[in-house]
Structure formats: structure tokens, C-alpha cells
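From first to last, the protein sequence lines stand for chains X and Z.
The numbering of the first sequence is the numbering used here, which starts it at 77 and goes up by one.
The numbering of the second sequence is the numbering used here, which starts it at 42 and goes up by one.
It is possible that part of the hints are untrue.
To spell it out: a stretch of chain X is covered by chain Z in this simulated footprint if at least three of its residues, at any positions, have a beta carbon under 8 Å from a beta carbon of chain Z; those stretches are [to be verified]:
(1) 113-126
(2) 185-198
Which chain Z residues stay away from chain X? Per the calculated CB distances, all over 10 Å, these [unchecked claim]:
(3) 94
(4) 113
(5) 142
In short, the hints are calculated from the structure, not lab data.
Quick caveat: nothing in here was measured; it's all calculated off a predicted structure.
From the three backbone atoms N, C-alpha and C, an ideal C-beta is built for every residue, glycine too.
Below are the chains, spelled out letter by letter.
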Amino acid sequence: MGSPSRRLVLDGLLVALGLAVHQAEAALPPLLPGVKPGLANVFGLVAFVALGWRDAAAVTLLRVFLGGLFSGLGLAFLCSLGGSLAALAALILLGRFVPDRLSLEGLSVAQAGAFNLAQLLVVALLLGSWGVALPYAPLLATSALVTGLGTGLLARMLLRHPFLATSPLPGGSCETERRQP
Amino acid sequence: MKPLDRWVFGLLGACALGGALAFLPGNRERGSLPVAEILQEGRVVERVVLDPAAPPREWVLSSPGGGVNRVRLEGGRIRMVEANCPDRDCVRAGWLDRPGQTAVCLPHRVALRVRGTGKGEDLDGISQ
């Protein structure tokens with residue numbers, strides 16, 4: 077897991093990166109109603125693999141709340157919060173099976189599915205009607221498969237970065253030391 | 042492919058396929074039927090699905106100051122049929138049946154508005 081300062085720096089970095097991606101995505105027009113790439117979760121996955129589920133939870137929730145402060149604590153925030161809590165639940169439930177029985181991509185898809193399911197619930201509760209929200213289920217399940225896979229693959233690529241994979245902070249005195257995350 | 046991956050992908054794939062089968066063919070028409078809203082003083086007082094199969098209905102809306110608007114729903118369309126305001130713009134707006142169409146009676150602060158359902162309109166604001 078590395079030193080406390082490494083952990084702090086990584087968490088902060090991942091929150092900042094996630095927030096930037098989160099905001100960039102929010103500015104883009106949605107591909108389809110209700111569908112967003114959800115790329116910000118890449119950093120949650122990275123935090124999970126590099127540091128553990130507590131850090132993943134912190135990175136994700138901080139990003140959601142800060143994103144809410146930037147773009148308003150409106151419906152998008154509620155959907156985001158509900159979805160993220162569900163995705164974290166999926167992480168805590170299934171994270172222990174990674175990487176032996178579940179791949180990072182599989183975890184990411186499960187998270188995306190949980191996220192979308194919770195989002196559907198939030199929308200149905202707010203509109204007070206299942207009729208409007210439920211027909212979205214197949215679309216959201218499909219998008220969870222696609223975006224979850226993409227997010228998982230991206231996280232895997234990012235985790236190959238030497239900074240995340242093995243080494244402590246650059247500029248330290250341990251460049252030759254190889255540490256397992 | 043790890044063992045649990047199959048469960049994750051399978052479950053979501055089943056949701057996608059099953060849901061698509063359940064919702065797309067049968068409910069396409071019902072799901073995409075527009076909804077009309079009758080607004081009075083800016084508040085929605087009535088919300089009806091513009092279902093061509095539904096029996097005709099009428100509403101009479103009275104406003105303070107003696108304003109009266111008569112609204113008729115018939116054959117999947119809705120319109121103002123009568124208004125005792127001077128300009129009667131709302132009546133001239135004619136039948137409304139597509140999302141986005143409106144008929145507004147400004148003097149009486151009464152409006153008709155057609156919105157989409159199921160196919161996104163309501164969710165667009167949320168997803169952004």
C-alpha cells in the first residue's frame with residue numbers, strides 16, 4: 077500500500093483527475109438520454125487496485141460531492157450520488173474476488189450496472205412513476221456493459237503506469253526499489 | 042474471462058435482452074404516447090395521456106375574473122375549444138398532438154402543453 081504520504085498524494089490526484097473528467101463529461105451532450113460514459117470511475121478503480129476499497133470509496137464520494145458543488149446539487153447530483161453509492165456497494169461486495177475470480181473489467185461492468193440501476197430507481201422515485209423509468213432498463217443495461225468494459229480496460233491501462241504499479245513517489249530515494257501495490 | 046465475469050456479463054446481457062423484448066415491441070406505442078398537461082397559474086392541474094383509444098373528455102377551467110376555458114381531449118389530441126378572452130389565441134392554436142406543442146391563454150393564465158414520455162424528454166434534463 078505504500079507510505080501514508082504516497083497514499084494521500086495518490087488519493088488527491090485521483091480525486092482531481094476524476095473531477096476533471098466528471099466535469100468534462102457533464103459538459104458534453106449525452107450520447108443517448110441517461111447514458112454517459114462514466115469514465116470518471118476509472119480513477120475509483122485505480123484507487124481500489126492501488127490502495128484498497130476505502131480509498132476507492134473516498135475518491136468516488138469526494139468526486140461526486142465536489143462535482144455537485146460545481147454543477148449544482150440538482151437532479152444530476154442525486155442520480156450521481158445514488159449511482160455511486162450503488163457502485164461502491166458492488167465494489168465492496170465483489171471487490172474481494174478481483175483479480176482471482178473476477179476481472180477488473182468484470183468488476184467495472186458490475187459497478188456500471190449497479191450505478192445505472194440506482195439511477196433508474198432515483199428517477200422513478202423522483203417522477204413518482206415506474207412507467208417512465210422502466211423502459212430505460214434495457215438501454216441502461218446495454219450501456220453498462222459497454223461503458224463498464226471501456227472503463228475497466230482504461231483502468232487496467234492506467235495501472236500499468238509505473239507510478240501506480242510499483243514505484244513510490246518520484247523524486248524519492250527508492251527508484252530502484254520495486255514494491256508491489 | 043474469469044468465472045464471475047460470466048455471471049456479471051450474463052446478468053446484464055439478460056437484462057438488456059429481456060428488457061428489450063419486454064418493452065420494445067409491445068410498449069413502443071404506449072411508451073411513446075405523448076402526455077398533455079393543463080396548466081393553470083403555472084401549475085399543472087391535469088395530466089392526461091394522449092391515447093387515441095381513450096374516450097373524449099372535456100374540462101372547463103374557470104379563472105379569477107370570470108375567465109372560462111373549455112378544453113377537449115379527443116382521438117389522441119387535445120385543444121382549447123372555447124375561451125371567453127378577447128384574443129382567443131389559444132383556440133386558434135387548434136389541435137395539439139405532438140410533444141412540444143402548446144396553446145396558451147395568457148389573459149386567463151391557462152395553458153396546454155404536450156410533452157413526450159418514455160422516449161427521453163423527461164430524462165434529458167436529469168442526465169445532463
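To test your reading of the hints: which numbers does this structure violate?
1
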